[in-house]
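Required output: the full structure, derived from the provided sequences and hints.
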Amino acid sequence: MDNSAAMKEQSERRNQNFVDVYEGRIPQELPISVGVDGAAALEYAGKNLLTDQYSAEAMIEAMDYVNGLFDTDQVVGFSSRLPSFYQLLGAENYKMGADGFMQHPNIAGMEPEDYDALIEDPIAVCWEKVVPKYYKELAKPFPHNVIAILKFQASRQAIMSKVGPAMAQLAVKYGKLTRSFSAGRTRAPFDLLADTFRSFTGALSDIRRMPDKVLAAVEALYPLCIKMGLTNAKPSKTLRVGIALHMPTFMREKDFAKFWWPTFKRQVEEFMNIGYGVYMFCEDDWMRYLDYLYELPEGCEMQFEYGDPKIIKEKLGKKHIIQGLYPVSLLRTGTVEDVERKAKEYIDILAPGGNYIFGTDKGVLRASDAKVENLQALLKTVREYGKY
Amino acid sequence: MELKSKYYHSLEENLQKYGIPAEAVKTAQDSIQFPEESTLSILFFLIT
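Chains as they are written, first to last, in the numbering used here: chain S, 2 to 389; chain D, 125 to 172.
In short, the hints are calculated from the structure, not lab data.
Ideal Cβ placement from N, Cα and C applies to all residues, glycine included.
Just to be clear, a hint being listed does not mean it is correct.
Now the stretches of chain S that chain D is said to cover, found in silico as 3 or more residues with beta-carbon under 8 Å [claimed, not checked]: (1) 63-75; (2) 121-130; (3) 222-229.
No more than 20 Å apart at the CA atoms, straight line, and that leaves these computed lysine to aspartate or glutamate pairs for DMTMM-like [to be verified]: (4) D/Lys130 / S/Asp115; (5) S/Lys235 / D/Glu161; (6) S/Lys314 / S/Asp292; (7) S/Lys228 / D/Glu161; (8) D/Lys130 / S/Asp117; (9) S/Lys235 / D/Asp154; (10) S/Lys319 / S/Glu270; (11) S/Lys228 / D/Glu126; (12) S/Lys228 / D/Asp154; (13) S/Lys316 / S/Asp292; (14) S/Lys152 / D/Glu160; (15) S/Lys163 / S/Glu62; (16) D/Lys128 / S/Asp292.
This is the structure in structure tokens:
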């Protein structure tokens with residue numbers, strides 16, 4: 002078999018492993034979900050984060066390098082939060098740090114007195130309050146604001162028209178996933194309220210000061226959160242609406258149960274009733290909320306950051322797909338032997354009976370997060386040991 | 125659940141807004157409604 006035929010066969014096999022898990026079957030091999038961010042890719046490739054994030058060609062070279070270096074299932078090494086997009090808009094919500102890494106400051110997009118307007122028309126508040134606060138160029142009068150958004154769109158198109166096709170070519174070149182398993186990405190309604198409108202601290206304070214407004218606001222945001230997650234793709238269990246879950250571990254359980262959970266649960270049920278699957282990233286430690294997660298419709302993919310894998314498997318593993326938990330920190334601090342031993346430990350706990358996608362607790366954001374030999378050893382171990 | 129806003133309109137609403145014959149509901153999905161949906165996607169990118 003020549004190399005291209007071997008890569009094609011490998012892609013098809015890896016596609017099928019994901020399809021099998023998403024459709025409730027035990028795959029031949031464990032699917033692997035390990036992400037490497039665009040910044041990490043540039044650093045691994047020896048490029049300059051301060052300058053090369055502006056070049057589609059440099060980013061494509063870096064992606065080619067890391068996808069050859071790391072035998073991941075997915076094509077890795079790109080981030081859509083690029084500095085050019087945000088600098089053209091005068092962004093306050095994404096800023097480049099001194100070393101070139103993009104930072105995301107926690108700012109409130111609206112004030113408490115804007116709740117009634119948010120409840121009345123959330124999209125109007127986004128355009129009229131949030132966007133001008135986040136983006137200095139868009140707060141300027143016509144025609145400056147229109148010119149700024151046209152430049153932003155042109156920059157996105159210039160980059161994505163090169164990066165998109167390049168990623169498809171890299172999937173073929175390295176035998177990675179050639180099928181997309183991702184539908185849209187959205188937020189839980191309360192998380193959207195906190196992240197976009199009121200900030201982390203503002204939302205938690207509002208729960209105490211104006212609980213009725215908060216409840217009305219999350220209901221008002223619900224249709225927007227549904228819309229954000231939908232795509233034109235034909236619904237399928239193998240297409241996952243992605244939701245990163247931010248606030249619950251910072252909330253008291255009674256507040257979580259009242260303000261956060263009901264609209265999220267309804268949202269997941271609605272996506273699954275339409276026919277999509279749902280992927281959620283349970284950020285931080287969700288051990289105290291496992292009983293809630295169990296209530297969700299069967300077949301949700303749940304990536305965990307921290308927690309006890311045995312208890313998670315025992316409580317959720319027969320109903321939902323478990324992902325994550327493997328500590329990326331070990332790829333920075335451990336030896337190859339530590340990395341291999343820990344991978345086998347997690348596979349022994351989580352793989353029996355299926356419903357498991359091997360994954361790390363978080364993506365590799367910077368090259369300093371993972372020694373090359375450790376990430377290579379991790380992927381090799383999962384490939385060899387993670388067979389059914 | 126229907127999304128309602130003064131900045132987001134259904135195809136039927138857009139046909140009325142831009143003075144396009146109602147019969148075009150079968151043919152105007154790409155030329156009229158796609159930009160509406162695309163603008164909403166840009167908004168999602170900007171606010172998240």
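Now the hints, each set against the structure:
Beta-carbon proximity to chain D at under 8 Å applies to 0 residues in the segment 63-75 of chain S; the threshold of 3 is not reached and the given coverage is violated. For the segment 121-130 of chain S, the assignment as covered by chain D holds, since 6 residues bring a beta-carbon within under 8 Å of that chain's beta-carbons and 3 suffice. Counting residues of the segment 222-229 of chain S whose CB lies closer than 8 Å to any CB of chain D gives 6, which reaches the minimum of 3, so the coverage claim holds. Proposed proximity of D/Lys130 and S/Asp115 is supported: the alpha carbons are some 17 Å apart, at most 20 Å.
At roughly 17 Å between alpha-carbon atoms, S/Lys235 and D/Glu161 fall within 20 Å of each other, so this suggested pair holds. Between the alpha carbons of S/Lys314 and S/Asp292 the distance comes to roughly 12 Å, so the proposed pair stays at or under 20 Å and holds. With a C-alpha separation of about 10 Å, the suggested pairing of S/Lys228 with D/Glu161 holds against the 20 Å cut-off. Under the criterion of a C-alpha separation no larger than 20 Å, the hint pairing D/Lys130 with S/Asp117 is consistent with the structure, at around 15 Å.
A hinted pair counts as satisfied when its Cα atoms are at most 20 Å apart, and S/Lys235 with D/Asp154 qualifies at roughly 17 Å. In summary, the hint linking S/Lys319 to S/Glu270 is supported, as the alpha carbons are separated by about 18 Å, within the 20 Å threshold. For the proposed pair S/Lys228 and D/Glu126, the alpha carbon gap of about 9 Å is at most 20 Å, so the pair holds. The hinted pair formed by S/Lys228 and D/Asp154 meets the criterion: a straight-line CA distance of about 18 Å does not exceed 20 Å.
For the given pair, S/Lys316 sits about 8 Å from S/Asp292 by alpha-carbon distance, which is consistent with the 20 Å threshold. For a cut-off of 20 Å, the pair hint linking S/Lys152 to D/Glu160 stands: about 19 Å separates their Cα positions. In summary, the hint linking S/Lys163 to S/Glu62 is supported, as the alpha carbons are separated by about 12 Å, within the 20 Å threshold. Annotation: proposed proximity of D/Lys128 to S/Asp292 is violated, straight-line Cα distance about 34 Å (limit 20 Å).
In this structure, the hints that do not hold are numbers 1, 16, in rising order.
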